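K.L.:
For the protein sequence lines, the chains are A and B, in the order given.
Note that the numbering used here numbers the first sequence so that position 575 is 575, with each residue one more than the last.
Convert by adding 784 to the 1-based position in the second sequence; the result is the number in the numbering used here.
It cannot be assumed that every hint is accurate.
Straight-line Cα separation of at most 25 Å, DSS-like style, residue types lysine-lysine; simulated pairs [to be verified]:
1) Lys1125(B) <-> Lys132(A)
2) Lys1125(B) <-> Lys1097(B)
3) Lys59(A) <-> Lys11(A)
4) Lys1159(B) <-> Lys124(A)
5) Lys59(A) <-> Lys1097(B)
6) Lys1160(B) <-> Lys132(A)
7) Lys1097(B) <-> Lys419(A)
8) Lys1193(B) <-> Lys124(A)
9) Lys86(A) <-> Lys1160(B)
10) Lys1147(B) <-> Lys86(A)
11) Lys1118(B) <-> Lys124(A)
12) Lys124(A) <-> Lys1194(B)
13) Lys56(A) <-> Lys1097(B)
14) Lys124(A) <-> Lys1206(B)
15) Lys129(A) <-> Lys1125(B)
16) Lys419(A) <-> Lys773(A)
17) Lys1097(B) <-> Lys1160(B)
18) Lys1197(B) <-> Lys182(A)
19) Lys124(A) <-> Lys1197(B)
20) Lys129(A) <-> Lys1118(B)
21) Lys124(A) <-> Lys1160(B)
22) Lys129(A) <-> Lys1147(B)
23) Lys1197(B) <-> Lys1125(B)
24) Lys59(A) <-> Lys800(B)
25) Lys53(A) <-> Lys11(A)
26) Lys1159(B) <-> Lys1125(B)
27) Lys129(A) <-> Lys86(A)
28) Lys823(B) <-> Lys800(B)
29) Lys365(A) <-> Lys304(A)
30) Lys53(A) <-> Lys26(A)
31) Lys1193(B) <-> Lys86(A)
32) Lys864(B) <-> Lys409(A)
33) Lys1147(B) <-> Lys124(A)
34) Lys1125(B) <-> Lys124(A)
35) Lys129(A) <-> Lys823(B)
36) Lys1193(B) <-> Lys1159(B)
37) Lys129(A) <-> Lys1160(B)
38) Lys1159(B) <-> Lys86(A)
What the hints contain is simulated information worked out from the structure, not anything from laboratory work.
All values reported here derive from a predicted model rather than from experimental measurement.
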Amino acid sequence: MADLTLTVDGKKLTAPAGTLLIEACKSVGIEVPSFCYYPNLSLQGACRMCLVKIEKMPKLQTACTTVISEGMVVATDSDEVRQARKSMVELLLGNHPLDCPVCDAGGECELQDMAFSYGAAESKFMEAKNHKDEQQWSPVVYFDRPRCILCYRCVRVCGEGMDVWALGVQNRGVSSVIAPNKQDHLECEECGMCIDICPVGALTSGAYRYKTRPWEMNHIGTTCTHCADGCKTTLGVRRSDTGMEIVRGDNRDKSGINNDFLCIKGRYAFDFAHSTERLTQPLIRKDGKLSPATWEEAFALAGKNFAEIRTAHGGEAIGVVGSSRTTNEENYLLSKFARMVLGTNNVDHHRTADFPALAAALRGKSGQTASMRDVLSAPAILLIGNNPTEQHPLLAWQIRSNVRLRRAKLYVVNSQPIKLRRQAAGFAQIPAGAEAHAVAFLAGDDAALDHLVHQSATRESLLALRDKLRAETGLVVAFSSEIRGADVARLVHSKFAGAKFIALADYANSRGAADMGLYPDLLPGYEPLTTDSRFAQEWGTLPTVPGLTVPAMAAAAKAGTLKALYVVGANPVARFGLDPFAFSGSFVVVQDMFLTETALMADIVLPAANAYEKSGTFTNTCGDLQLVKKAGEVAGVKSDFEMIVRIADAMGFEVRKLVPFGGGTHADMGQSRGAQSGEADRHSVWLEAHGLEPRMSPFDPVAIFDEIQRLVPSYHVSRLDLLAGNDQHTDIGEAGPGAAHDPNLIIPANDDLFSSGTLGRYSHTLNSVMENKNAPAPSEVGAD
Amino acid sequence: MASLVSHPDEIRVVTKRFGQGATDLDRYLALDGYQAIQKALAMTPDDIITLVKNSGLRGRGGAGFNTGMKWSFVPKQSAKPKYVLCNGDESEPGTCKDRLIFEHDPHSVIEGVMIAALAVGSHTGYIYIRGEYRYLSVIMQRALKDAYARGFLGKNIFGSGYDLDIYWHGGAGAYEVGEESALMESLEGKRGIPRIRPPFPAVVGLWGGPTVINNAETLASVPPIILGGPDWYANLGTPKNGGTRMFCLSGHLNRPGVYELPMGYNLKKMIYEVGGGIPGGRALKAVVPGGSSTPILLADEIDVAMDFDSLAKAGSMLGSGGVVVLDDTTCMVKFALRTIKFYQHESCGWCIPCREGTDWLKKTLTRFHAGAGMKKDIDNIYYLAENMLGKTFCPLGDAAAMPTMAFVKKFRKEFEDHLDGKPCPFEKAAEPVMV
Ligand SMILES: Cc1cc2nc3c(=O)[nH]c(=O)nc-3n(C[C@H](O)[C@H](O)[C@H](O)COP(=O)(O)O)c2cc1C
Ligand code: SF4
Ligand code: SF4
Ligand code: SF4
Ligand code: FES
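The whole structure should be built from the sequences, with the hints applied where relevant.
P.N.:
Now the structure itself:
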């Protein structure tokens, strides 16, 4: 649109036609105060804080609803304007309880800021303030009416943003009150968006309320450890008896791929980290029982047994199971450790999407994978299978925002009437399990239609849908894990002009586990096991015979050929439904936070730090690479990275070959508790014994990241941008050739909005929300 | 039913069928009913608009905007359906005229809506009736049913090939839905909260379609204008203030009631001749000239022509035609409190200055009138009102602020007489009655 020129406070500025005056002012650094205005939500004109003087207009005008016009002359700081603002603050404070000293929002409250900036220091009012008691609407949402300034942000973010519409306004005049959808409580997605968007302390969270003051926390930007979407979350941490406690998650600074979005898990389900059931001491099986031991004992025993088994039976006798929730550096290190130190290709993880097939299908074609940001800007999106509202909340948010704000077209092919159909320009409800047929049909095979016609999906409607899709340019195609193997290639090769693809996996670093080669037949970057691979050149001679998958490892253990199993942050017994007794003859080492079904059968259990307690990187399901930064800390645990290195060391392996440490950039090892008690300090005994200083630490994930960037072509991204906190898209099309795998090895996690595998089981918040859902609501009990 | 009053100075244009059984369709037809619409059907839309424009008819809902001009803002072409709305939410204290039209002559409103629809090319009209006027909704429902039964409404009206549907809709009891955009929200089934403007209803109104909204009296004035011609109507009133209007005289008067008088009729004459003067020969204290939101006039300010422009010059407004007469027994502090109580109760609560401002005004005035006032309260009351004025989301805030400022400005002495714990000097006096 054409640019218009206007004058604000004597400054000339230009902005595109259609720009709101409040935004135009922002662009030249003039802040017009606002409460009800919130970018990307509908306009309200309710709070009147943004009144400004526009020449030729008799009355003051709201900058948040005024669209700029050519030659407009605006004053945002005249006496009249200042008086108007002041009186709005006065009126708000009139009925406000002013309980700042105990209010959660105190210190980061927009009303406090406005009172400070626009002055309403003395009250003109004498009568009693209107009062209403505080209410609890759900395990996570509390509402305190007297603090509410009725800016309606909560109502809009819930409705327009989340498409949940659980909040509304009741009554009128001074009795107006924000109300939940079920009379006295909320039934909703519990995302907490309303709480975070509240400019004051009217909406507070069950997880955080009355715990701390904002200035008593440190705030660390990291990546969510739950689903595979990779939201940036800022964790508020505070000193506790045993380290650093995470007390809050939000993304109010709108940094990261998710802007200010977080779902319930990212916002509240960090509390598994402080579960009383966390392991904080190594355990060694003695006389059949797991008993506490020292780290030295545990590492020495693990190292000794692994070394002996390797010498006696060869690396093939050892299996390694990695994790979808450990960092890329740890996954890479584990992949390298298995091949180089243990001498085995028996490496696997719980697969939830067929990334090797995507790598194969896109081989040599860059620019055909979509980032999470692309989902927000693409002109059209095709979603095959999956229910993002439950399984990929950020993806769902991006899709909804794109449809709402940019009028993107969404096409949904699903066996269920998923919630996102409400945003869809086209929806085909296909029979359950017919996703592969849908792909065949979209790729041009009309015979597949017979398998798709179902309910509202007629031949005609399906053909029309495909025609529409073929007419779209710049389509983003997100597909569920039901699309595997050859179907992935079929989809990628269908005739959609300029399409970009996303394979939907389930865990925070599922993509990273795949990218880093936690496969029995693939090295990092989807490289095959050839003798002349970059890895063989760098790492030395590697085993080239493909190893065992997890189910095959269990079979081998039962048959007595698998003598040892090393499990890092995974629970294969539960996820694969393995018989735990299969491993009774094997030596099993498990690194985990909790005594899982797998840890219960181990000979050694090593207490692990989770992703909120260490540094590194995650890759989300789209391939967006982001930093993971240490925020929380619990005494008695170690990162998987450190444990892998220590076991290698205990096996007599020269750790510098494993981790090329000591050069270039160093990781922030996270001295989150202050100078004397940082993580580096806790390494000091070991470092000293090895003649090393902290900055020469072999526990430095950046040393491995250097190597990843050197050897995995799709990870050739800007290091500077990454370290500055930006997401960097990695393109699987630039990776190695991938492989064709047994489709049955993909096992969906089936987590929903309120569950998150092992982490979810130990999250008090998620559990209380679940219990609350199952319990009958008080109003319903009373109604009958 | 209210009994009807009359005065020789009345010119009966809108009220000519009152008391003549015109709720009955045949009676209405016998009294020139549905003649104007048939004449309009033979005219072009532009000609209808020009005719109404030239008649000088200005909105009777309060703001006094030229009706023909308002219709001309509706785009000729529109992808969305266009609508005509009749605003029958009449709730401004002191105003009680639309209800008489609904009661005595419902078909005149329907016919007005029909002509407006023709003029702007709309095929759907709604007659929105104040929630408390339930009995009038019954009359309107019957009138609509009768009109449909004769083929005056529905498909192919009067065999013209033009389709037109008109529905009635009842409010839920809110003054604020009389505000045009809040009325549209209410019609759409939402809370009665006003909308951001622009866009204006003529372009984006009900269900997003171009919409004309007029007061019931405005619309009822249209058929006689079509039949009598623009010049006849214009000449009844003063320049730019065509025709007659229904003045609702209430308060301390010997003959309160609704009188249809030419625009520009002298207020003093209206009080002393039409309204029969003040009971017991008591002295006049002040007059609210156009509904409770219009700034009060002192006894020596009443020699004024009752039209939009003259009253604006006098520092007040013609508003909705509610003339409230107060004699010297009236406590102006109590009257100010009574007025603000209404606006506090009716504030929709959407915006800060009106929601909070009316509440603090009410609280402060309540204490003040009860004898616990302080000198600084008087300035605070003025300060509160002044800071609402022109800063609210819709004009309801102004409607509360304007009279309040006038009370303090014109009766400061009376406020001061309430200070120092003194009892209200008027305590035993009769209360003014607003109809
Ligand atoms: C708070 C408020 C209440 C109003 N109430 C009414 C009403 O009850 N009836 C009415 O006709 N107009 C009312 N109006 C005026 C309408 O907004 C609108 O201007 C009018 O219906 C237009 O019709 P007219 O041009 O025929 O006057 C009100 C305005 C405000 C701000
Ligand atoms: S609860 Fe908070 S966000 Fe919601 S209206 Fe009140 S102040 Fe605004
Ligand atoms: S959408 Fe996924 S990544 Fe984002 S907060 Fe929720 S669980 Fe975490
Ligand atoms: S001025 Fe504001 S609170 Fe008052 S009625 Fe209008 S929108 Fe509602
Ligand atoms: S920010 Fe403009 S009215 Fe609230």
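K.L.:
The structure should be examined with respect to each hint, and the outcome stated for every one.
P.N.:
Outcome of the hint check:
1. Lys1125(B) <-> Lys132(A): holds (21 Å)
2. Lys1125(B) <-> Lys1097(B): The given pair, whose Cα atoms are some 28 Å apart, is violated under the 25 Å limit.
3. Lys59(A) <-> Lys11(A): holds (22 Å)
4. Lys1159(B) <-> Lys124(A): holds (13 Å)
5. Lys59(A) <-> Lys1097(B): Cα-Cα ~19 Å, so holds.
6. Lys1160(B) <-> Lys132(A): Not OK: Lys1160(B) and Lys132(A) at ~29 Å, beyond 25 Å, violated.
7. Lys1097(B) <-> Lys419(A): Roughly 59 Å between the alpha carbons, so the hint for Lys1097(B) and Lys419(A) is violated.
8. Lys1193(B) <-> Lys124(A): holds (20 Å)
9. Lys86(A) <-> Lys1160(B): Holds: Lys86(A) and Lys1160(B) sit about 19 Å apart, inside 25 Å.
10. Lys1147(B) <-> Lys86(A): holds (21 Å)
11. Lys1118(B) <-> Lys124(A): holds (21 Å)
12. Lys124(A) <-> Lys1194(B): At roughly 23 Å apart (the allowed maximum being 25 Å), Lys1194(B) and Lys124(A) satisfy the hint.
13. Lys56(A) <-> Lys1097(B): holds (21 Å)
14. Lys124(A) <-> Lys1206(B): holds (23 Å)
15. Lys129(A) <-> Lys1125(B): Given that 25 Å is the threshold and the Cα spacing comes to 17 Å, the pair holds.
16. Lys419(A) <-> Lys773(A): At roughly 19 Å apart (the allowed maximum being 25 Å), Lys773(A) and Lys419(A) satisfy the hint.
17. Lys1097(B) <-> Lys1160(B): Outside the cut-off at roughly 31 Å; violated.
18. Lys1197(B) <-> Lys182(A): Answer violated: Lys1197(B) to Lys182(A) is near 53 Å, above 25 Å.
19. Lys124(A) <-> Lys1197(B): Holds. Lys124(A) to Lys1197(B) sits at ~22 Å (cutoff 25 Å).
20. Lys129(A) <-> Lys1118(B): holds (23 Å)
21. Lys124(A) <-> Lys1160(B): holds (9 Å)
22. Lys129(A) <-> Lys1147(B): Distance ~10 Å between Lys129(A) and Lys1147(B) Cα, so the pair holds.
23. Lys1197(B) <-> Lys1125(B): holds (22 Å)
24. Lys59(A) <-> Lys800(B): violated (41 Å)
25. Lys53(A) <-> Lys11(A): holds (15 Å)
26. Lys1159(B) <-> Lys1125(B): Holds: Lys1159(B) and Lys1125(B) sit about 21 Å apart, inside 25 Å.
27. Lys129(A) <-> Lys86(A): holds (19 Å)
28. Lys823(B) <-> Lys800(B): With a Cα-Cα distance of about 20 Å, the restraint between Lys823(B) and Lys800(B) holds, given a limit of 25 Å.
29. Lys365(A) <-> Lys304(A): violated (46 Å)
30. Lys53(A) <-> Lys26(A): Distance of about 16 Å is within 25 Å: holds.
31. Lys1193(B) <-> Lys86(A): holds (23 Å)
32. Lys864(B) <-> Lys409(A): holds (22 Å)
33. Lys1147(B) <-> Lys124(A): Holds - the C-alpha atoms of Lys124(A) and Lys1147(B) are around 12 Å apart, at most 25 Å.
34. Lys1125(B) <-> Lys124(A): holds (20 Å)
35. Lys129(A) <-> Lys823(B): violated (61 Å)
36. Lys1193(B) <-> Lys1159(B): Roughly 14 Å separates the two Cα atoms, so the pair holds.
37. Lys129(A) <-> Lys1160(B): holds (19 Å)
38. Lys1159(B) <-> Lys86(A): holds (23 Å)
The earlier numbered hints that this structure contradicts are 2, 6, 7, 17, 18, 24, 29 and 35.
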